[in-house]
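Student: As a plain string of letters, each chain reads:
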Amino acid sequence: MSVLVFLTLHLTPGDPAQIMLGPKATASSMAALRHELGLDRPIHVQYVRWLAGVVSGDWGRSIQLKAPVLPLVWGRFKATLLLSGVAMVLAVATGVMLGVVSAVRAGTLADRGAIVTSLVGYSLPPFFLGLLMQVLFGLRLEWFPDTVMHVAGGGGLGDLARHLVLPAVTLAAGIGALLARMTRATMMEVLRQDYVRTANAKGLRRGRVILQHAFRNALIPILTVVGLQIGYILGGAVLVEQVFSWPGIGSLAVNAILARDFPLVQGVTLLVASTYVLTNLLTDLVYTLVDPRISYQ
Amino acid sequence: MLGEPVAAIAFGLLAIIVLAAMLAPWLGMPDPVHGSLIDRLKPPLTAGHALGTDEFGRDMLARLVWGARISLGVGFAAVALAVALGVTLGLLSGYLAGPFDFWVQRLVDVLMAFPYILLALTVVAVLGPGLVNTMLAISIAGVPYYVRIARGSALSLRKREFVEAAEAAGAPTLWILTRHVLVNSLSPIVVAATLDVGFMIMAAAGMSFLGLGAQPPRAEWGVMLSNGRQYLRVAPWVSLLPGLMIFLVVLALNLLGDRLRDLLDPRAVGR
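The listed protein sequences correspond, in order, to chains A and B.
At position 125 of the first sequence the residue is numbered 125 (our numbering), and the sequence of numbers has no breaks.
At position 204 of the second sequence the residue is numbered 204 (our numbering), and the sequence of numbers has no breaks.
Bound-form chain B, shown alone (with noise of 0.2 Å):
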């Protein structure tokens, strides 16, 4: 919807937070977890402290880049995770159809009669609160809108000539899954990733917002944005600024994947 700029711009700002997350040991900036009490609550453009400092003198600056890592970590992860189990699952389901599809189906039809958060709050009820576990509840929450993409697509590829001429031939499932059924179905599947990466950091650090993913003192965006709301009177920075982040980070993929959405799907261009 909004042209080749604007999804450079948003491809240069996500590069540049991947980058500094990637080398926040050798950045040399200060302890994101240990700070000086003396420096608490300094504002931004403080000296040393381009954003200022927490509660506890932590440097918000560090804190964010050492929080990008977490936060931008658990969302592909959970994404990576999601896509493997549901494309997996889904295109199983496809293609053998018949009895597996059927309890494939109903398992989904059950997962999915439960809101996202919902499901993902239950799970954490289950396995129990922990950034690991968030990033495995927000995760489970979302395979069953990879089973639908990956099955709807197996369901259309798996009579076309190509796919039958390979079975004709002898070809193992597992080949002619992964050579001629999964390869066909990559577009959509690409596309759902790249918008959902977004949603799951915004879902991942909304968990740690409630207090049941990462676990202070970490520097993860969720939990800094919830301890600093103590402090919305007199510092809003410190919970203002990891938000702004999620947003930028979110902003961006929706952007990219936007665009990606109107290069594999010239149909959708211009909508």
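Just chain A, with the same shape it has in the complex (with noise of 0.2 Å):
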């Protein structure tokens, strides 16, 4: 993965110096980038030196914001991962629980709700559903502050949540449908399994054998999804976070893209490649503690 990140200011076409420093760069501006950016020696050495530089914690500086990269990035990524994290639980709240309700009635009209529902919802561009999001609750009928993330001047936790609001529930939309998908799909499946059967022969509580017996079962898929869907949170907020201006990653990644900054741009990618890959490994973790039969000794 790093040599991926490294790479990308190595596989652009053309001089990367006199990319980012544009057409008027003079000569001695370019060869005073390159030795900057230790672009005039040989690429394993650049290689080398820019991994011991991200482990120590030097990522480079903006080329255009003339700052450290990693205190830009981190300071950016904590509020996108608040955005995500908060997108997150109220993907998997509901999403699960209507995935289970709809496999639970299957073929009444509450589960043809459910799954018109998942289908919208799964189908509804992020930036699209934030406009409309904005449109009604923000602009229409000022439920909620249609953008950033705080008032001015900062507010309190209270005035948080409320700007939270409309760009977390536009970020969960799209996962919590694919998760009331796929949550239906395992839950027939499990549903459909003797020792269902055999629970239900023997007259345990319908709530027990759905939640026990059924359920149960059903979470490693449901895990595998949710682990895979910390990607897409991740990509989505980058849209999320440019309708509502809200100040995370997103808008740093997009700004530092049309300056072809390219230390930034090795930086956002870095940290959020970084984070799915820890999180994907969290969810395998996770795994052994939902089914104890699962163990990688």
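FYI, nobody ran anything at the bench for these hints, they're computed from the structure.
Mixed in with the good hints there might be a few duds.
If you want the footprint, here are the derived chain A segments under chain B, 3+ residues with CB under 8 Å [what the hints assert, rightly or not]:
(1) 118–129
(2) 132–146
(3) 232–240
(4) 253–267
(5) 270–280
Virtual Cβ for every residue (Gly too), placed ideally from N, Cα, C.
Mind docking these for me? Both chains are given alone in their own frames, and the hints should help you get the complex.
Tutor: Below is the structure:
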């Protein structure tokens, strides 16, 4: 992964120094930038130097913002993590609940409603849903603030929560819908198993059969989807942040790409991809808690 | 999950949009790029402008129809490219096995360590913003998905009797791959590609929305949606109509993809 992030600068067609400084750059300023970025050294040396820098906390300097990359990226990433985390909790809670209800009441009107809701949620582009939310709940009804993270001058936790509602719901919709579809399919398969039939035949309460016998066994595939959707939520956050002017990593990344600020692009990519890999690892570890039969020894 | 009539409606809707996009130059609509400032921000159902006008007085209906050419074109082209690259690599990887398989899979592992949008953004960072580069970016980001699907099929087929018989008869590798392995792997690939077109249309529009894909004044749904945001209070239709088009097309494609999966994979019926 680090190799690919490192190579983003080197795969660029043309001279990276010329691209970053623009067409009016002088030969001396390009030479200085090449030296600053270490581009005048052999590529393997550049990679080792870059990796050593990353490990020791030196992620380079942003060309455009003229500041160290790590504090810049980390400062913004905290807002993205907050938004993504809240959206994920919302998505899992509503998606799984909708999926379970849909499977248990398969074929009924409630099931049809859940299927249509999840299909619509899954097909709504996050940037369009965000705009709908802004128009309806922000501009027309004025229930929630439609942009940024705090009121001017900063507010308390309540203010942050009010600002979080629209972007978090927007980001959660697609993943919640996908989780509802996945949960429904898995639960329907589990509900057909012999041990569920046995539990029902023993006269156990319906709720206990669904939660303890069926749902626990449906959890592994659901968890897999949750793990994979962490990537989607981090990517989707880029779009949603743009709609709501949320001060996360999204606008930083877009501006860095437009300005061809490669050290900043590398910093954003590295941090988001590392978070994705780490959360997938955590998902794998959670498997062992959910299902004692799984062991990584 | 939803039956035949819903899939038929989805197909009809998609057919109308595709047909309108293909016939756009002959429909006699106003210029989608140049408008009259006197007519700016006219609401839908205004005389001469069924869906209103945008901030430059350009006819919204004309821009939506011309925009369909770009948005649908980019979506279909991106999927076609991702399928071509991914399926070729995947089939070769699964069928040839050995070191080639090992290195292709390591490359796929690396690409899959990046969230989809982030990978597409990284490719745009490398190639530079623009419509063609965005198409390439979302396509490249989708390649690992098809490599995995095609490799899985090739792995399960390479030891089947009919493949071994073709090998024993001395058939060339390319012939075996295309006539036996590819043909028998088509169902999951077709279903995945159908569902993916909607996703890629959404991704391409998203990149344009961020300012990295198609650029104004081009009539592209993502660009239209993004530019109209400034007028949300006074003229919400400028942003909402292109968004609605993206939603309807993606919804129709998802419904068709679901139906296709039910038909090609009977085990999935009722899910």
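Student: Using C-beta distances, would you say chain B covers the stretch 270–280 of chain A, given that this needs three or more residues below 8 Å?
Tutor: n = 4 at 8 Å, threshold three: holds.
Student: Per the coverage rule (Cβ-Cβ under 8 Å, at least three residues), is the stretch 132–146 of chain A covered by chain B?
Tutor: holds (count 4)
Student: Okay, the stretch 232–240 of chain A and chain B, do three or more residues pass the C-beta test at under 8 Å?
Tutor: With 6 residues close enough to chain B, the hint holds.
Student: Do three or more residues of the stretch 118–129 of chain A come closer than 8 Å to chain B, measuring C-beta to C-beta?
Tutor: holds (count 9)
Student: Count the residues of the stretch 253–267 of chain A whose CB lies closer than 8 Å to any CB of chain B, then report whether that count reaches three.
Tutor: As far as the stretch 253–267 of chain A goes, the hint holds, because 8 residues have Cβ atoms under 8 Å from chain B.
Taken one by one, the earlier hints all hold for this structure without exception.
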